[in-house]
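> Spelled out from the first residue to the last, the chains are:
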Amino acid sequence: MRKIGLIAQIFLIIFILIVLTGVSSLFLRISPDILIKTFKSKEFLFSVKFSLATSSISLTLSLLFSISIAYVLSKRDFFGKRIVENIIDVPISLPPLVLGLSFLILFGGKFGSLLEQAGITFLFSPLGVIFAQFIIITPYVERNIEVVFSKISKRYEFIGKSMGLSDFEVFKKIILPLAKEGIFTGLITGWSRAIAEFGATLMIAGATRMRTETLPIAIFLGISSGDMDFAVSTGVLMVIISFSILLLVRGVFKRNVSY
Amino acid sequence: MLVIENLNIKFGNFSLKGINLSVQKGEYFTILGPTGSGKTLLLETIAGRYRVRNGKIILNSVDITNLHPKDRKIGYVPQDYLLLPHLTVYENITLGKVQLDEEIINLLHIKHLLKRHPSMLSGGEKQRIALARALIRNPKLLLLDEPTSSLDASIKRVVWRNLDKIRDKLLVTVLHVTHDFEEALFLSDKIAIMRDGAIEQVGTPTEIFKMPKSKFVAELTGVENIFEGIGRPDGKGSFIFVDQELNFVTYERVQGKTYLSIRPENVIIKKCRENKINEFQGRIVKILEKGFFFRFDIDIGINIVSLIPAREISVLNLKVGDKVMLEINPEDVHSFAYNDKSLDWKGDEDDEKSKN
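Chains as they are written, first to last, in my numbering: chain Z, 1 to 259; chain C, 1001 to 1356.
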């Protein structure tokens, strides 16, 4: 048993070294001067603001859908529930590029024309970025909320009703407050995925400088045009964001309780 | 007040079968049954947790069978209290947009607990809060699900007195379920015995105590002396032969195979024969001290149990091996229909299921 423990520890150390060397190479590649210069550039500021705006909108939409879907899946049993669950998981199981490609074909066809006639354009537009983020993050947000909803005893709902609450009041005053930590974790996970979304965004919204340029797209454009300083600086910022999110989620999970 | 007509409901492999009950206004009605008999399922069905397709529940002449729980005017205290952990005691009580009622708060002594969260309360305090929460909406009917099952024995009696006080002061009709016969006896105006999802017997505590209708009821109410016998009517009463040597006289008319039951507290121990009816000679096999009582196992050809108040023991000065005489008043020899079923204490998976 001691030998197995030792071998496992060696694997652990090797993996930590791989992660740390990879991430630190980003920080070692760039000087503080270049970092500050990039952070002040118009293009960088656009990509930060654009990422924040699109991820906030996609997250809000996703939250609305996720809470509703999670409520149905955690509280109701119905014929074909497993199939519905599998369909919701499709964006998780498919590579984002393939998912993006499928919507590129959908929005590039007759359905897309109909939407365009109604003034809605997904392809190569900021709306496409929001849609790509929304479709990718919703299964993650939903799964987090569904887990916490299903942990809440149905008897709490019943006791609320017996105290004179309507079904909506039970949801608002009992289920949502009891699920708040799961919802928060879902939001953080969803936001980190939205900020980092690349494959589906590239397929649906394209990589247009100062138009559909999210942070990952900015890195892609930087490397494509040979501007490594810009790409690395953006990468450094994303590493900082990712670590902050990771710490935040860990903090929430530590306090997580089930009722 | 509350009328339940032919209520049938299926829950997994368990079902309530043809429940008929009538609870009068102001009555303290207890449903007594072992774990697994469907007591919680019945209570939660009355409170509106389950949809009823077969049967009727009528409260104050209003059919509430499938009314939303919020419209039933029923207060419900679950066995595990179900206080909402994210709310303070005050918020828990006033959740349904009601004002605090000083009378209830003072009656239950919970004023000092109002700002606390449920995690900071003891079992007894949680129980009082759950009661206050159910009473504050001025319900027409109060449902209590095993309110003392998770409390220490010493607190149980305090709770019984509180429940009695609440009933007297607030004049509320109570439907209480329990597996504790002593609790049912202390609190109830009427008791219904429940078994396997059906009502076995309904009566006043005295009726249930003295005249159990079945072996199941007799065992549930603490009768230890239950014997099989053959009844033979004679004059106004009957003889019940347990075997050829041993027969008991009863004032009930019994014909053929039967069960007879004698409450242990009705088995009198004495030193000398007095040539009375139902006198038996026996030998003490075992003596157990049980607080205010001593429990004697006496061999009279069959093993019969007697409970004697502790203060009477010193007079008799009894010990194991002593020969004694037993006397049983024919009024205390009760018979009921012969069947082979007895009290089954198997775990109540269905009650547990319904709590999830």
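Hints listed in this document are in silico derivations from the structure and should not be mistaken for laboratory results.
Each hint should be verified, as a subset may be incorrect.
[Said to hold, decoys possible] Examples of chain C residues toward chain Z, derived with CB under 10 Å:
| # | residue |
| --- | --- |
| 1 | L1007 |
| 2 | P1069 |
| 3 | L1087 |
All C-beta atoms, glycine included, are put in the ideal place defined by N, C-alpha and C.
> Against each hint, give a clear statement of whether it holds in the structure.
Here is what the structure says about each hint:
1. L1007: Violated, because the Cβ-Cβ distance from L1007 (chain C) to chain Z comes to roughly 18 Å (cut-off 10 Å).
2. P1069: With a minimum Cβ separation of about 4 Å from chain Z (threshold 10 Å), the hint on P1069 (chain C) holds.
3. L1087: Nearest chain Z Cβ about 8 Å off; hint holds.
The earlier numbered hint that this structure contradicts is number 1, and it is the only one.
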